[in-house]
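**Student:** Here are the chains, one letter per residue:
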Amino acid sequence: MGLSNDLIQQKLEERFKDVVLQTETSYDMLSVEVAAPEILNVLQFLFDDQELKFRFLTDLTAVHYPAFKDRELAVVYHLHNLVDNCRIRIKVFVPVQQPDVPSAVNIFSAANWLERETYDFFGINFTGHPNLIRIQNVEEMDYFPLRKEFPLEDQTRIDKDDEMFGRGGNFDFGNRQSDGSPTQIPESTGGNTQ
Amino acid sequence: MSTTTDTAFQEANLGSGTTTTLNLGPTHPATHGVFQNILELDGERIVSAEQTIGYIHRAFEKIAERRPLYQITPLTDRLNYCSAPINNMGWHLTCEKLLGIQTPKRVDYLRVIIMELARIADHLICNSIVGVDTGAYTGFLYVMQYRELIYEIWEEVCGSRLTTSIGRIGGFERDFNDIAFTKLERFLKEYPAVLKEFENLFSRNRIFMERTIGAGPITAERALNYGFTGPNLRAAGVDYDVRVHTPYSSYQDFDFEIPTGTTGDCYDRFLVRNQEMYQSLNIITQAYRKIQDMKGEEATIFHADIPEYYLPEKKDVYTKMEALIYHFKIVMGEVEIPPGEVYSSVEGGNGELGFYIISDGGRTPYRLHFRRPCFIYYQAFEELVKGSMLADAIIVLSSLNLIAGEMDG
Numbered sequence: 008m009g010l011s012n013d014l015i016q017q018k019l020e021e022r023f024k025d026v027v028l029q030t031e032t033s034y035d036m037l038s039v040e041v042a043a044p045e046i047l048n049v050l051q052f053l054f055d056d057q058e059l060k061f062r063f064l065t066d067l068t069a070v071h072y073p074a075f076k077d078r079e080l081a082v083v084y085h086l087h088n089l090v091d092n093c094r095i096r097i098k099v100f101v102p103v104q105q106p107d108v109p110s111a112v113n114i115f116s117a118a119n120w121l122e123r124e125t126y127d128f129f130g131i132n133f134t135g136h137p138n139l140i141r142i143q144n145v146e147e148m149d150y151f152p153l154r155k156e157f158p159l160e161d162q163t164r165i166d167k168d169d170e171m172f173g174r175g176g177n178f179d180f181g182n183r184q185s186d187g188s189p190t191q192i193p194e195s196t197g198g199n200t201q
Numbered sequence: 090m091s092t093t094t095d096t097a098f099q100e101a102n103l104g105s106g107t108t109t110t111l112n113l114g115p116t117h118p119a120t121h122g123v124f125q126n127i128l129e130l131d132g133e134r135i136v137s138a139e140q141t142i143g144y145i146h147r148a149f150e151k152i153a154e155r156r157p158l159y160q161i162t163p164l165t166d167r168l169n170y171c172s173a174p175i176n177n178m179g180w181h182l183t184c185e186k187l188l189g190i191q192t193p194k195r196v197d198y199l200r201v202i203i204m205e206l207a208r209i210a211d212h213l214i215c216n217s218i219v220g221v222d223t224g225a226y227t228g229f230l231y232v233m234q235y236r237e238l239i240y241e242i243w244e245e246v247c248g249s250r251l252t253t254s255i256g257r258i259g260g261f262e263r264d265f266n267d268i269a270f271t272k273l274e275r276f277l278k279e280y281p282a283v284l285k286e287f288e289n290l291f292s293r294n295r296i297f298m299e300r301t302i303g304a305g306p307i308t309a310e311r312a313l314n315y316g317f318t319g320p321n322l323r324a325a326g327v328d329y330d331v332r333v334h335t336p337y338s339s340y341q342d343f344d345f346e347i348p349t350g351t352t353g354d355c356y357d358r359f360l361v362r363n364q365e366m367y368q369s370l371n372i373i374t375q376a377y378r379k380i381q382d383m384k385g386e387e388a389t390i391f392h393a394d395i396p397e398y399y400l401p402e403k404k405d406v407y408t409k410m411e412a413l414i415y416h417f418k419i420v421m422g423e424v425e426i427p428p429g430e431v432y433s434s435v436e437g438g439n440g441e442l443g444f445y446i447i448s449d450g451g452r453t454p455y456r457l458h459f460r461r462p463c464f465i466y467y468q469a470f471e472e473l474v475k476g477s478m479l480a481d482a483i484i485v486l487s488s489l490n491l492i493a494g495e496m497d498g
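Quick note, the sequences are listed as chains V and A, same order. Numbering-wise (the working numbering), the first sequence opens with residue 8 and increments by one. Numbering-wise (the working numbering), the second sequence opens with residue 90 and increments by one.
FYI, nobody ran anything at the bench for these hints, they're computed from the structure. Positions of the beta carbon are idealized from the N, C-alpha and C atoms, including for glycine. Hints are supplied without guarantee of correctness; some may be wrong.
[Stated by the list, open to error] Across the chosen pairs, the derived CB separations fall in these ranges:
hint	chain 1	residue 1	chain 2	residue 2	range
1	V	R78	A	G429	39 to 49 Å
2	A	E237	V	Y34	32 to 42 Å
3	V	F75	A	T374	47 to 57 Å
[Said to hold, decoys possible] Once the Cα atoms are required to be at most 30 Å apart in a straight line, the calculated DSS-like pairs of lysine-lysine come out as:
hint	chain 1	residue 1	chain 2	residue 2
4	V	K98	A	K186
5	A	K409	A	K194
6	A	K151	V	K98
7	A	K194	A	K404
8	A	K272	A	K384
9	A	K186	V	K18
10	V	K76	A	K418
11	V	K98	V	K76
12	V	K155	A	K151
13	V	K155	A	K384
14	A	K186	V	K60
15	V	K155	A	K194
[Stated by the list, open to error] Which chain V residues face chain A? A few, computed with CB under 10 Å, are given here:
hint	residue
16	L89
17	N92
18	P109
19	F115
20	D127
21	F128
22	Q143
All chains should be modelled from the sequences, with the hints used to inform the complete structure.
**Tutor:** Set out below in structure tokens:
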């Protein structure tokens, strides 16, 4: 264990002064938010640096936060340095209207399907991906099902609304407007962005 | 399959300029699961392979956003259903990490026993299926008897066999009974000889070796880049094992080895899995001894003392006010989860099974993502089989230990 979170944070902030937007450590894992257009440079730097050596992509997924204006979608990378056994989480936020994130396929082959899956469920447009098509769902599908505007339960049932799941107010999966009324499900959100 | 005898045949059929497209799957008996491979063949050589998955996608990640923590356990069963208890434990450990729960040592050791039994059940099926696909059905039928015994042990502990939902957050739903321990002893006594015989059937078998050596190899570097984990990565020579790198459930208390291979081909994957079964037996023996050595009150604990998350005993529900309140809150799913973001992983049957959970303080996860190992490494399939024979593709498929349920999530 020669690698500490402080050192990683310091090196990242030194190299990418304006790119690293936020850092936090929770449950012993360093979480770094970086600017979306620079994500490949950050990943490449973490991969190549002789001390950091984050050369294993453990996981790649996305999260939808409808309440975050103009940064609704977060893409989350989990990287692992197998030599020093250190994990790190990298996040980028993009607006839901234009969810463009550069594809990491050229750094990690593992990113190929993970990005396809993330596209499939969240509609993140991974620019430069060789084959960005749906992987789990049918190709004819014209929406991104893991976004919060698609509720799991029947909309007409009030016994299954967000209040019952401990989410009062307007920050409840994005299904409410600020005055508390339910949002309309938009007609197809653009479908295949390709 | 790179012997010299069939070279003439291959050359005669190569370069004819015409290729055949073959659909291997979705319901082909040799794919052992519902997934499709569109193979382009030049004679019998594979030119390209395109995988289609998602036939049994069940949107677990979406469903989990509307389930309290304890109701997500049955969803995890259905990921890698050959070793469901590992998924269950992985999920409980994730919840415990998020909630900050410390489990007693006895719980940890009991969990280790269950998880290692699951690993044996998983590897045993995978290896014997490799046997079936190379033409030796005997081994498969022979070891089935001992998978049955493992299932019986699980049945004694939790009541189910395949989709176990074993354990709860903080421990087990009930203590192991004597029959479970008796059956475990029988397993520990009889299984090593069976495993040895199973190994003898294959590991130096000329036919088996010629079919598997050199089939679907991968270098350590490519395997890492493809996100390989578990026995498939270890067969390529990288000794990465979550149990050792990030010990959970007191794995640091046990003494065991990580077997590795060199070439990452089907034969190495087979040998690594076989050796891992011996290591698992070793771990179970150690864990069982530690449990037997426990004295007094420690020897009866089977769950952590966390009334907020662990269902109280039924007789307490009827007689104690507090127990009644907790019982109601848990059953109705009214327990708030503290906000936080956790990634936690366990060494599953076929690789690192990770759970990434985000809680916003509600009663259900805000987002839950499963890192499903075989979904990630299956994308290397084309690279593994390109240029090899059709028959090799079948063995590569089975020796990668692909589980459709886990792949589709």
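**Student:** Should the interface hint for P109 of chain V be scored as holding, given a Cβ-Cβ cut-off of 10 Å against chain A?
**Tutor:** 18 Å, violated
**Student:** Going straight from one Cα to the other, do K186 of chain A and K60 of chain V come out at no more than 30 Å?
**Tutor:** Roughly 26 Å separates the two Cα atoms, so the pair holds.
**Student:** Taking only the CA atoms, is the gap from K155 of chain V to K384 of chain A under or equal to 30 Å?
**Tutor:** Violated. K155 of chain V to K384 of chain A sits at ~51 Å, over the 30 Å cutoff.
**Student:** Does the hinted range 32 to 42 Å hold for E237 of chain A and Y34 of chain V at CB?
**Tutor:** 40 Å, holds
**Student:** Any CB of chain A closer than 10 Å to the CB of D127 of chain V?
**Tutor:** 9 Å, holds
**Student:** Take a look at whether the Cβ-Cβ distance between R78 of chain V and G429 of chain A falls inside 39 to 49 Å.
**Tutor:** 20 Å, violated
**Student:** Regarding the pair K186 of chain A and K18 of chain V, is the alpha-carbon distance no greater than 30 Å?
**Tutor:** Between K186 of chain A and K18 of chain V the Cα gap is close to 28 Å, so the pair holds against 30 Å.
**Student:** With a cut-off of 30 Å on the C-alpha distance, tell me whether K155 of chain V and K151 of chain A pass.
**Tutor:** OK: K155 of chain V and K151 of chain A at ~9 Å, within 30 Å.
**Student:** Is it true that the CA of K76 of chain V sits at most 30 Å from the CA of K418 of chain A?
**Tutor:** With a Cα-Cα distance of about 34 Å, the restraint between K76 of chain V and K418 of chain A is violated, given a limit of 30 Å.
**Student:** With a cut-off of 30 Å on the C-alpha distance, tell me whether K272 of chain A and K384 of chain A pass.
**Tutor:** Measuring from Cα to Cα gives roughly 22 Å; hence the hint holds.
**Student:** Do the alpha carbons of K155 of chain V and K194 of chain A lie within 30 Å of each other, as the hint requires?
**Tutor:** Outside the cut-off at roughly 40 Å; violated.
**Student:** Hey, K98 of chain V versus K76 of chain V, does the alpha-carbon distance stay inside 30 Å?
**Tutor:** 16 Å, holds
The structure fails hints 1, 10, 13, 15, 18 (numbered hints given earlier, in ascending order).
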